[in-house]
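Enquirer: Spelled out, the chains give:
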Amino acid sequence: MTAGAIAAAVAAGERTARSVAEDYLDRIAADDSEIGAFNLVLVDEALAAADRVDAAVARGEPPGPLCGVPVALKDNLCTRGIPTTCSSRMLEGWRPPYNATVVERLRAAGAVVVGKTNLDEFAMGSSTENSAFGPTRNPHDTSRVPGGSSGGSAASVAAGFSALALGSDTGGSIRQPAALCGVVGMKPTYGRVSRYGLVAFASSLDQIGPFAATVADAAACYEAIAGHDPLDSTSIDQPLEPIEDALAEGVEGLRVGVLAELCGGAPPEAPAGNGAPADVSRGVEGVAGDVLSRVRDAAETLERAGAEVRTVSVPSAVLGLSAYYLIAPAEASSNLARYDGVRYGLRVDAANAAEMNVNTRTAGFGAEVKRRIMLGTYALSAGYYDAFYGKALRVRTLMLEEFAAVYNDVDVLLCPTAPTTAFELGAKTADPLLMYLNDVCTIPSNLTGHPAISVPFGRGDDGLPVGVQIMGPALSERLIFRVAAALERTATGEGSAP
Amino acid sequence: MARLARLRFSDEELDELAAQLSAVLDHAADVEALDVSGIEPTSHPQPLSDVARADKVRPSVSRAEVLAQAPSVADGQFRVPPILGEAP
Amino acid sequence: MSGEAPERETALPDGWELVVGLEVHVELSTATKLFCGCANRFGDEPNTNVCPVCLGLPGSLPVVNAAAVDFAMRLGRALGCEVRPAVFARKNYFYPDMPKDYQISQYDQPTNIDGRLELADGHVVGIERAHIEEDTGKTTHVGGGGRIHDASYALVDYNRAGVPLVEIVSRPDIRTAEQARAYVRELRAILLSVGVSDARMEEGSMRVDANVSVRPSGSDELRTRCEIKNLSSLRSLGRAITFEAGRHVDLWSSGERPRQETRHWDEAQGRTTPGRSKEDAEDYRYFQDPDLVPLVPSAEQVAAIDAELPVLPAARRAELLAVGAGAVSASDAALLVERDQDELVRAAVSGGAEPGLTATRVANDLAVDDWSRVTPASLAALIGLESSGQMTATQAKQVLAEMVETGDEPASIAERRGFQAMAGDDLAATVDEVIAANPGEWARYRDGDDTGRKKLSGFFIGQVMRATRGRADGAAVNRLLQERAEPA
Ligand SMILES: [Zn+2]
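Residue numbers (this note's numbering), protein chains in the order written: chain C, 2 to 499; chain W, 1212 to 1299; chain X, 298 to 785.
In short, the hints are calculated from the structure, not lab data. Hints may contain errors.
As the list claims (entries may be wrong) - Think about it this way: if two alpha-carbon atoms lie no more than 30 Å apart in a straight line, the pair counts; the simulated DSSO-like pairs of lysine-lysine are:
no., chain 1, residue 1, chain 2, residue 2
1, X, K388, W, K1267
2, X, K694, X, K752
3, X, K435, W, K1267
4, X, K388, X, K435
5, X, K694, X, K751
Said to hold, decoys possible - Coverage of chain C stretches by chain W, computed from C-beta distances (three or more under 8 Å per stretch; other residues unrestricted):
no., region
6, 93-100
7, 317-327
8, 441-451
The C-beta atom is built at its ideal place from N, Cα and C for all residues, glycine as well.
Taking the hints into account, I'd like the entire structure generated from these sequences.
Expert: Below is the structure:
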C-alpha cells in the first residue's frame, strides 16, 4: 500500500492509523531481525501517535497529507526524549532535549514515526557496515549491503517496514542506498529542507530527503518536510511549487542531457540525433556495464516519451570525488570535535580533561570516523589548507559554473546513481578508497547543492535493482520528480520495461 | 595531527592510517594539481547573505533535562577532570 | 575606574621605547546571545540560560542575532572603522568551556577594520580591527585552593557561552603604561556612550590583553612581543606593562631575547609568569563556518548607523573645553564626560556660571549616582554664590550635597544652615590671631619663596578654618596672608 493510499484511507475513515501502524510494527517484529534496518523500534510511541491521528480524524480536523502514514527516521535526526545514536558508541543512550524541524513537520503532517534506522556511524560510509550496532542487510539479498549511509531507511522502505523514511545525503547517502535497495530516494536542493536537528556530518553538503516506494510518495514526503525554517541560517526562504500535479505531465519537449563523465567516459551510445561535445574521453572510474545499459535504456525511454536527449559534458565532474573527500572530512573534523565527553554521550575518564577527551574519542568513534577526522584535520591544517581545502573549494566553483552552463542547453541530466548494484557485505571494507568510489556519481549534486533523485530502473546482470539518477539545477524539484515519474511508469510495467 | 584531533592510535593503526590517507590524498592529486588561479572559492552552494534573527529571548531548556544527559554533574554544573593549561 | 589610585610608573631606561598594542574583548549588552535566543544575563544560576545551540548539542545550528551585528557595526563606526562584508569562521581548539570545541569568530573578513581612537591628551591609537565572536562558558577549578594546576576537578557553567563579544585590536601605537590605561578608559567611554556594552572590567564584560615589546628609541622595528593576560583592572594593566617592559629591557641589555609567549599577570606577586609559548601554539584550522552566511551591510545601513551615533566623548570633551575658554582643565573635562555631567556643566555655564569653578565643583563634589535633582539653574546659582565670595568652598560643597538630596535652591539651603562667608574685618582679625599664635611658621612663610609659601599657606588656611568652623573663604585667607607678608 502506498503512502498516498494509506493517507487517503485513514483520512476517509476507511482504516485507522492504529491498524496501519500495527501492521507495519508486526512486519518489523517479524522480519527486522534478518535485515537490521532499525536501531530502535518505537512501538508505544507509534501507537500513541496513531491514536492521536485517529482522534483528530474522528473530531473532523483536516487530515494532514501524511495522515497515519508510518515513517522511519534515520538515527541521526534528533527526537526529543528518544535516543538518537548516529549508530555510534559516542552517542549511545543520548536523548536530545529537542526535535529536528523535519520531525516536527512530519508530525504536523500526520505521519507516525515507527522507529530510528541504522546508518554508517555519523553517516560516514556507503554500505551501513560502519555502524557500531552491526550492519543492515539488503532486503533483496541479505548477503549484500543496502548501501549507505542511510541503509537502514532504504531497507525499511524496501522491506515494507515503513511506507516512507527520511535519510540524509552528504555525498549520496540517500540516492545510493535507494538505488541498491530498489526504492526511490531524493536529495533536495541544499537549503530546501531544514538541517536543524540533523546531526551534522559536513554542514555545507548535508541535506535531508525522503525514501519511498513510489515517486509520488517521495514527492508527498518531500513537500511535507520542505520549506523555510528560521532555525537554519542556510534555509531558503522561497515558496514551494506544488509537485503532485506535475507528475503526470510527461516529458514531451524536455531537454535531457546524458552526463558523459559519469557514464563511463566515452559517451554512452548516443541516442539518435545529438552531437556529443568533443572531449569526453575522461570519465569516472568503475561504472559497471549493466548499470550503464540501464542508463541507456532510460535515455531511450525518455526519448520515446518525447524528450530531446543528447550527450553533454561537465569536465569538472570527474574532480568531484577528490574535492568531496577533502571538503567533507574537513567540515566533519570540526563538527565532530564536540564529542569530548563533557556534556553528553560517552565519557572515558582520565586524570585530566585533555586525556579524558582523548580516551573518550578514541573509544567512542569507529575506524572510518577517525579516518575522516584525521583526513579533515590534515586538509585544514596550516601549510596544507591552500593545497587541499582551498583548492577543493575552487573546484566547487568550477563545477557550479560548468553545471550552470550545461543547464543552459538541457533541462535535466541523466546518469547512474551508483556504479554497481548491491555488493557483498565485507567486499569493500578493507579499502576505503574503493568504498569512496561508490559515491562518484552522486557527489556532484552535493557539491553544487542541486537536487537529484534516484529512481529504480530495471535490474543488473545479477538480478539486483539498478537506480538511475535525474539531476536538475537549484530548485528544480518539480522537474526532476516529473522526469522520475515518467521513468517509473515505464519501469513498473507499461510495455518497454527493461 | 592526532593530538590536534584528540585521538590516540597504536603504531600499527598509525601505519595503516597513513597508507589509507595517502591513497586518498594521491587520488586528490588531480585537485592539488589543478590550476585554479582566478577562480574564487565556494564555501557554500547557496548565495545567501544577511540571515539574522530578532534579539528576542526564547525559553531556554530546563537545567535538569540538560544535566540529565551529562556524564558527570556537581552543583548544577558539568563536572570534568582537572584542566591543565589555560584556554588560548 | 576613576576611583583607582594612580599607579606610579617607572619610565624605561634612557634609549628604550615601549611598544604596546591592546586586544580588548567586550560583551555586547544585547537581550539574547549571539546565535540563540537564550538570555544574555550575568549572575544567574549556572546552566539556566542554555539551549541546544549554545550547548553545542548535536544537530543544533546557529542563527546570528541582528542586534549584535548592529551593535558591532555601531561600535566600529564610533571607532572610525570601515564596516565591511564579513564572514564567520570557526577557530578549532579543544577546551571544556567551549561547547562545540570550536569558537565562531571572524577571521580574515571581520566586520570592522582600520579605525582610530583619540586619547584625551590627543594621542591617536590605530584600530586594526573590531570583530564579532562568541564568548566561552565559565570554568571553576575546584580543590587545591582554586589554582589550576592542583585542582581536583573543574565545573563548567555555560550561561556565558555564546554571549556576543567584540574584540577590538589596536595597532602597536601605545607608548606608555598611562596611555594604555587612557586607551581603555576612552574605549570604555565610547562603549558606554554608544550604548553597546556596560564595559565592566571587574565583572569581566570588558577584558584586556596587552601585547608588550620594547625597542631602541627612535627605531621603528617591532621586536618579540609577549601577550599579557589576566589583567582585571586598569591598575593591573599599568603595572603589568611596566613590569613586562622592564623585563624585556633587562633581557635585551644582557644580550638575551624574550621568547614569544603568552604570560599571565600575577597581581599579588606584581610580576608576569610564563604561559603558552609560540611553539606550542595551536593550529586553529580556521575555515568559513558553513552553518552561517555572510554579512553584507549596505551603504544605507551604514549611513543610518552614522546618523544615529551619539556625540562621542572626544567631541564632548572638546565642546566642554571650548565653553570653558581655557578655564576648564583637561582632566576635569574627561571626568565630566565619563560621568555624563558635561551637559549639566555646559548648561550651567551658559546660565552665567564661572566655567572653571563649575567644572571643578562638579568634578570633585558631584561623584554620586543620582544627581538628577541638580538642575543647571540651581548649579549656576550655587557657583554664583561661591564665586562672588558669598559662600566659602566648604559651604558650597555642603550645599551641593544637600541639593543632591532635596533639590532645594542653594540660597534657601544656605539661609537655613546660616551659611555666609565671614566678612572682611572679622576674617582679618582671625588671620592676625592665627599669625600671632604661630610665630615660627609665620617667619618661614614671610621669608620663604613661592614654593615655600604655598606649602605653608595650607597650614594657615587650615588653622583659620578651624578657628572659624569652616566659614572662611580659603582664597580670601590667602590674600590676607600675602598682604601681611609684603606690606605695601
Ligand atoms: Zn542558547
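Enquirer: Going back to the hint list, which numbers does this structure go against?
Expert: none
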